[in-house]
Amino acid sequence: MSDVLGRRAASIAVAPVRRGPEPEQQRIASAFVEDVIGELARFPTFEVLAARTSLSLSEAELEPRRLAETFGVTHLLDSSIRPGRAALQVKAGLVETGSGRLVWNHDYDVPLRRVEEVQAEIAVQVANQMSSQIDMKRLVQARARPIANLKAYDCWLRGRDCLRKGTRETDAEARVFFERALTLDPTYARAYAGLSLSHFNEWSCIHWGKWADSERLAFDYACKAEELDETDHIVQSVLGRIQMYRRNFGQARRHMERAVALCPNDADSLIQISMWHGFLGEPEGSVAMVEKAMRLNPLRDPWYYVYAFIPYFFKRDLTRAVEMAERAPPNMIVDQSAFQAACYAHLGEMEKARRELAQFQQVFQDKITFGRPPEPGEALDYLLHVNPFVRQEDADFFVEGLRLAGYAGERRSESYPPPRDGEPARFAFEAGLWEASFAGRTVRLKDMKGCRDIAMLLAASGERIHCLEIAGRIAEGDGGVRMDARARAECQRRIADLQAALEEAERDNDFARTERLSAELDRLIEELSAALGLGGRSRKLGDPVEKARTAVTWRIRNAIKKIAQAHPELGRHLAASVRTGAFCGYDPERPVVWTV
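Positions 1 to 596 (the working numbering) are the ones given, in order, by the sequence shown.
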């Protein structure tokens, strides 16, 4: 296996489980291997030997150094199943193939009456623990090496480690690592996600008075990350978090649901997303996600508890909330002690409430106003800015807790960040061209079917429109495959050549050539989209909805790319606001009044 451009944390082989002679134990052992491999394969930073390969390896082939030489495997998961009176004991151990050293092991008891129920969950726990252990070992090693000797994934780990410290200095240090990763691999989506988070920290926590600049950088880098790899659950989680702070809650929920769908059992990701579901006004689901993350990672890091106690606050389970808060490292986030103060106050524990409020005020002065005594109400403005409450009753409950704890300041403004009025914009077809006016800039674009689709969505902002309505027709087909693999490859190569030629023609202002190339490009894209489904698979043509969905998606995405070349800010806005699929829609991240 190859460590693609240094993006992988590890390449892993899962050895066949050693088990007793009983048929039931043999069945459980085989199923366990397949479950663990399936869970590890969900983590995009791992390469995993396929189950068929792993199960076919002989004892000699499973020797660690031989695995490293033959398959390029960096780690071997070795496990066994031992029978007991009332339970099976599953023993799992992680071995470094290069050194043969055991770096982690753990025992799991599986009650015989619940084998089917808990077997898959143990596989998930093993996958999470392997992920944590491998990352920790690589981080320790990366800290001891100069940045010039790091791979892209090591740079990601070093940068993420800096971000967790939450200071201006460590955010700046994190950017050095993420930029180094992009020097090594310019298409590494996680490095852009890291850059986004570094500006998100400043926007949401530190330089909150300069939120507009930091917001723009955080959002732009996150969009770039998604453009490079929309299947990375970390990238989707970062975008969801940013959309929360932009108060674009519908899109925030969509990105977070996408993150969970892509990697439903990554405990680190689940515990972070749980908090945002609390802010979205979903306390039951938020707490359920906390409990799942805790269950899947019993050897969790202390920072889990920072994220865990907020969902219990939203559920009004304040006793459980303070239990979590008291196990969290102090002051990992600026407003941590403010939430603790509100919890204690609502529980009637006033001494603890006042102590936590004083702690918050000190941290606020140290980290936010940088030694300057806060103005009256400034801290409250900050708290209601950095906590994107969807439900007013949650915000009121939080503020009331602070007042009970002794906070006396009044808000200086009724809303922060300042509300944005709906800005006027135009997207209209005149004299054979599309005129797009947005954010004070006007451009003209050649006619494309995708532009017509976008205009329909802009005119029906917030509505769901079926792809058949947008397509305007139902193409007939006999249900056969439109293109074989060779034809698809040739079509894709021709599209790439046309795109390069089109860019050249546009730079040279060769309008006749531009028009001719654009017409051929549109035709090929529509033909290819009719033959392809998700992931580039051949698609049967008998389903008119599928044909319309793929055609409309290709048309709109292609048009947005062209718009972004002429008007980058409008391109970013449309990329973030337009959704495609069986139903399409335009849900802007900020109010826009379109003339179409």
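The hints are simulated quantities; they were obtained by calculation from the structure and are not laboratory data. Mixed in with the good hints, there may be bad ones.
What the hints assert, rightly or not - Simulated crosslink set (EDC-like; lysine to aspartate or glutamate; CA at most 16 Å straight-line): (1) K561 / D220; (2) K91 / E69; (3) K352 / E326; (4) K165 / D220; (5) K446 / E435; (6) K446 / E503; (7) K165 / E323; (8) K352 / E323; (9) K315 / D229; (10) K292 / E435; (11) K315 / E351; (12) K367 / E520; (13) K561 / E469; (14) K367 / E202; (15) K561 / E393; (16) K315 / D366; (17) K91 / E121; (18) K367 / E378; (19) K315 / D394; (20) K151 / E179; (21) K137 / E284; (22) K165 / D366; (23) K137 / E121; (24) K137 / E169; (25) K449 / E520; (26) K151 / E121; (27) K224 / E169; (28) K315 / D396; (29) K561 / D161; (30) K151 / E169; (31) K449 / E463; (32) K446 / E326; (33) K224 / E569; (34) K367 / E393; (35) K446 / E469; (36) K137 / D161.
Remember, it's a predicted structure, so these values are computed and weren't measured experimentally.
Checked against the structure, which of the hints given earlier come out wrong? 2, 4, 7, 9, 10, 11, 12, 13, 15, 16, 21, 23, 24, 26, 27, 29, 30, 31, 32, 34, 35
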